[in-house]
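Student: So the chains spell out like this:
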Amino acid sequence: MSEELWQKYYGQPNPIYGNRVQYGMLIDINKCIGCHSCTMACKQTWTSGPGQEDMYFNSVSTAPYGKYPRHDGDPKDSTKYNYKHSNLYQDTPKGEFPNLWQFYLARPCNHCAKPACVPACPTRSIYKNKDGIVLIDQEKCEGFQYCVKACPYDKIYYNVVTKKSQKCVFCFPLLEKGQEPQCVKSCVGKIRVFGNLMDPESTISKLIRDPYLGATPYIPETGLKATHRTISSGERRQLRPDFGTIPSVWYVPPRNIPPEEVEKYFGFAMGGDLDEPNPVPADIKMKDI
Amino acid sequence: MATSRRNFIKGSLSALAGSNLPFTLTHPALAALSAPPERRWEDALRNQFEGETIVRTVNMPNCTGSCGWNVVVKDGVVTRVEPPYDYPDDEYNPRGCMKGQTYHRRVYSPNRVKFPMKRIGARGAGLWKRISWDEALDFIASEMKRISAKYGKETVWVYPPVPATGIVKQGAGFRFAAVNGFGIGTFYNWYGDLPLAHPITWNVQTEEHEFRDALNTKYAIIWGSDVLQTRMPDAHFFTDIRAKGVKLVYIAPYFDPTASAVDEWVRVRQGTDGALALGMCHVVVKRGMVDEAHLRKTTSGPLLVRRDNGKYLKASDLAADGDAKTFLVFDVAAGRPAPDAYFSDKPPLTGQWEVTLKDGKKVVCATSHTIFLEQLEEYDPKTVSEITGVPAKDIERLAIEYGSTKPASIWAGTGINHWYHGDLIGRSVIALACLTGNIGKHGGGVSPWAGQYLMRLNPTDYFFPLKEAGKPDRHQAVPLDTAYVVNGPTETMFNRDKLWRQIRCIWAAGGNLLGEASDQSNLMRKVLPQIELIVSPEIEMSTTAQLADIVLPVVSWYELPYDITTTPAHPYIQLAQGSLQPMYEAKTDIEIYYEVCKRLGTADIYKFNRPEPAIELLLETGGPRVKGITFERLKKERVIRVNLPSSPYASFTEEIEGKLKFKTASGRQELYKDEDRFIEFGEQLPVHKEPHVATPYGPSKVWKEAKKERNPLHEKYPLVYHARHTRWSVHSSWRTTDDIVKLDDIGQPLLELNPKDAKKRGIEAGDWATAFNQHGYVKARVKLRESVPPGAVVIYFGWQRDQIREGHWNALTHNAINPIHEIYFIPNVWGPVSGHFDQLCEVKKA
Chain D
1 MSEELWQKYY
11 GQPNPIYGNR
21 VQYGMLIDIN
31 KCIGCHSCTM
41 ACKQTWTSGP
51 GQEDMYFNSV
61 STAPYGKYPR
71 HDGDPKDSTK
81 YNYKHSNLYQ
91 DTPKGEFPNL
101 WQFYLARPCN
111 HCAKPACVPA
121 CPTRSIYKNK
131 DGIVLIDQEK
141 CEGFQYCVKA
151 CPYDKIYYNV
161 VTKKSQKCVF
171 CFPLLEKGQE
181 PQCVKSCVGK
191 IRVFGNLMDP
201 ESTISKLIRD
211 PYLGATPYIP
221 ETGLKATHRT
231 ISSGERRQLR
241 PDFGTIPSVW
251 YVPPRNIPPE
261 EVEKYFGFAM
271 GGDLDEPNPV
281 PADIKMKDI
Chain A
1 MATSRRNFIK
11 GSLSALAGSN
21 LPFTLTHPAL
31 AALSAPPERR
41 WEDALRNQFE
51 GETIVRTVNM
61 PNCTGSCGWN
71 VVVKDGVVTR
81 VEPPYDYPDD
91 EYNPRGCMKG
101 QTYHRRVYSP
111 NRVKFPMKRI
121 GARGAGLWKR
131 ISWDEALDFI
141 ASEMKRISAK
151 YGKETVWVYP
161 PVPATGIVKQ
171 GAGFRFAAVN
181 GFGIGTFYNW
191 YGDLPLAHPI
201 TWNVQTEEHE
211 FRDALNTKYA
221 IIWGSDVLQT
231 RMPDAHFFTD
241 IRAKGVKLVY
251 IAPYFDPTAS
261 AVDEWVRVRQ
271 GTDGALALGM
281 CHVVVKRGMV
291 DEAHLRKTTS
301 GPLLVRRDNG
311 KYLKASDLAA
321 DGDAKTFLVF
331 DVAAGRPAPD
341 AYFSDKPPLT
351 GQWEVTLKDG
361 KKVVCATSHT
371 IFLEQLEEYD
381 PKTVSEITGV
391 PAKDIERLAI
401 EYGSTKPASI
411 WAGTGINHWY
421 HGDLIGRSVI
431 ALACLTGNIG
441 KHGGGVSPWA
451 GQYLMRLNPT
461 DYFFPLKEAG
471 KPDRHQAVPL
481 DTAYVVNGPT
491 ETMFNRDKLW
501 RQIRCIWAAG
511 GNLLGEASDQ
521 SNLMRKVLPQ
531 IELIVSPEIE
541 MSTTAQLADI
551 VLPVVSWYEL
561 PYDITTTPAH
571 PYIQLAQGSL
581 QPMYEAKTDI
591 EIYYEVCKRL
601 GTADIYKFNR
611 PEPAIELLLE
621 TGGPRVKGIT
631 FERLKKERVI
641 RVNLPSSPYA
651 SFTEEIEGKL
661 KFKTASGRQE
671 LYKDEDRFIE
681 FGEQLPVHKE
691 PHVATPYGPS
701 KVWKEAKKER
711 NPLHEKYPLV
721 YHARHTRWSV
731 HSSWRTTDDI
741 VKLDDIGQPL
751 LELNPKDAKK
761 RGIEAGDWAT
771 AFNQHGYVKA
781 RVKLRESVPP
791 GAVVIYFGWQ
801 RDQIREGHWN
811 ALTHNAINPI
821 HEIYFIPNVW
831 GPVSGHFDQL
841 CEVKKA
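Sequences listed follow chains D and A, in order.
Numbering-wise (our numbering), the first sequence opens with residue 1 and increments by one.
Numbering-wise (our numbering), the second sequence opens with residue 1 and increments by one.
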């Protein structure tokens, strides 16, 4: 990410919501070991209640074929979701043996600078707080689920028990205690760096602006140890920037995949198309699940 | 909550005052202002973290992780765990994966064993009667007495737990077997985790660098170890060094998760890794990249070997009063053999000379390195390429890269060890590291880390108590290798007359024996009918518990008073402490053993029914590694680094500097072995032999002969069958944990095939299919993925018997025992190593 782009996105308060802090994350896909510890830490903390059985605020899928949630039938119809088997097609690579590629795509909510969910809410229950975290007020939400359909990343879930929509909260109560979010704290692959994207001095904004600042030790901002989190060098990108929501989660795209595939996931090659970059071919699609 | 107009105005004013927003931003400013001033719902989330207490403990499955956790308890219930970030070497923070994070879901699992139960139907029928603890213990004791009287005490057999995973509770089983004179099995070799190449070459159980040492390496080969799935807390060491620019190579037949995270994946034919290593040795030699000083000073390279019989030349060969233990090198100046002195840089590494023996006979003797070089001639890149499927130019390049980068490390997992000839593969890899002088160096070495066998203290006084204080006699258990229990004895078994007996009672302390053992077909058909009593102390209804006669409820790790644990992966000793009271009727292992001993009349020898005094004894008598570490200190610090010669710990650093000799007979790294059986099988030096079963060529033959033959079994069963570790379980633990199973594809066993093989057999993804061979079968649904090469089947294992539709994933394996593994028998150090990867099968649509 160039300095100019950083200035444009994070150099001033959010032009729509006015937040002067934008918490965000940098995830080094090259280092992801696909262990789902982030998913599980999140699940045990936030989504082990009634109606949350198939809810993963953070999920990990094996790209290209793994997807959570999946869209059944017409992939362009974003109103049909299938939440069963959230890690289907794990470790199913693309290509023909032995020329294969796959990567693990860890996805929390992107806490976008220009979220699609906020304007979609008819009850104005969704808001961006002063730290740039997108939250759904559980007292105001009336469960219309427009946000669920609006989010191009499919990261909002409807709870059929409480009849409200729910999503990742970036662990804001823990941030207030000076801790990092659960998915960052528990990341045993040490692939995640968390911090304020709008602070030019924060580790994360430095790491995002300078792609060659890779092997620099992580300076903990939150009192935690793990000073040696190492991030690969290479361009920093957002997932599907073509959706235009300016996600606050940044990635170091995988080095081991064809460059045109990097563009599909982390570039503008899909042109905002909701269709999946690589649908599951018929011969490996599991029947009757 | 509807915002009243009054609140709205108040809110907008305060927002205006606080935010300094320019008034020109009318639309966004309004959006910001329209937010209510307080969000009461947020407090519900904040309050969730109130009233929590935290206990720092360790989870202790046999995955070598040994990861510390802060257990969060609220209202007497464990709600979650968090990494404690308290390892003194910060590189180890955080540890622990999603399995540790969900252990509390096993504690509260509906599958939990809640009270003692006695079988009332046929074995495995699932009909149980709840009984009291007294009834259970009395019954067990009376049955043990009856069996002891009828067949002998040593036919009561304890399946031993992996001791480092809770030294007190697991060691309690060893102590139980010892004080009662019962039989005891093996774990480390029988699982196939023992790299026999280590005792062969170095006469040690296993030596490995601690994971942090990976940060010192300049070139790393991960050889047959899917670290991304099986070494989760430490896999980041590899991805970290790769991020810093160190080249990472993964050698394996499958496109495993690890293959997707390295710089180069070298795809090798199953079971031919030894040939690849020897091919690399060949290139290293031809290119002049051999570290001759290393070989001359520390390996068997300069030792003289008799050409006539393949034995080492000893002093006793030359003179009647010569010592049979003195190895000889050639003294060029004197023109005759001279006694070897470790670390001398004088003896010639290559050459052969005529030597006159004491009886006047003249024999030609060569240095063992000379013979090795002759053998290596056969492993030119072209031939090795034929054997392994790796292109010759890649073999050449890999060898040059590895040989020219110092230090270069090899992380050799069980993928190359679970083979009938796993010892040969291991020795070939070690030979490569020796030739390039990478042994005993930080950032170098050959490290396996398989199995949590390493206790880092001497437990003898706890495991095998002294009969009388001050005298050397100890209470001893009578060993019988688990491999023989399952397979029956072999002709070549070490000390068969003394050690073999048909066991009659199994105390399955060491986990899920009946669920995890290879050769399930034999176990179920032939072994189980001979067993008159199976006791399964368990926390969940595992396969073994389901097939047992008596099931006893054991406390989980979160209900234990205390325990201590270590691992080969990191150099710490840690204290485990429970955070809950024992649930249901569960008791600790040590208390159960004590109670049985009480009924057998050995309680006063067993002595302990609480872990605290046992921990004190272990630390007091544990030797230099734990000197200065006390129970009190552990209670305060929770995690303490043990005393090791170097930090990060690397193997053999002192030996390689000449301060110590190796523990072998010659005092050197023995690449050449001269025990009769090695000579009989032509395995004095590492050679490549085709797999014993899983090969299309002549099984167990050297390539020259093997390539001319076809394996008839391969024509019938053309697919190599591997039941493998998954990230979702530690062996069979966590296989029934709700949150974990949900994330594992469709949450059931899957036969994974290459789409081409499936198409040939008319199988589609999601179909039910049967994998079968001469031993047995398993039925499961099919998953198609290209990661599995054509000609192979992978099934991720660990499923309990009630999760499998038909058959068993280990019914297809048979643990053929390699006579080399039977030259000696030292439990868990030298014994039959399971070769369950050496298997073939065929798949048909069910």
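Just so you know, the hints here were simulated from the structure itself, not pulled from any lab data.
Errors might be hidden in some of the hints.
[Said to hold, decoys possible] With a straight-line Cα cutoff of 20 angstroms, these simulated EDC-like cross-link-like pairs (lysine to aspartate or glutamate) come out: (1) Lys177/D to Glu52/A; (2) Lys526/A to Asp549/A; (3) Lys742/A to Asp288/D; (4) Lys708/A to Asp380/A.
Student: Holds or violated: lysine 742/A and aspartate 288/D, Cα atoms, limit 20 angstroms.
Tutor: holds (17 angstroms)
Student: Could you grab the alpha-carbon distance between lysine 177/D and glutamate 52/A and see if it respects the 20 angstroms cut-off?
Tutor: OK: lysine 177/D and glutamate 52/A at ~14 angstroms, within 20 angstroms.
Student: Can you confirm whether the C-alpha distance between lysine 526/A and aspartate 549/A stays at or below 20 angstroms?
Tutor: holds (17 angstroms)
Student: Quick one, are lysine 708/A and aspartate 380/A close enough, alpha carbons at most 20 angstroms?
Tutor: It holds: about 18 angstroms lies between the C-alpha atoms, which stays within 20 angstroms.
Consistency note: the structure conflicts with none of the earlier hints.
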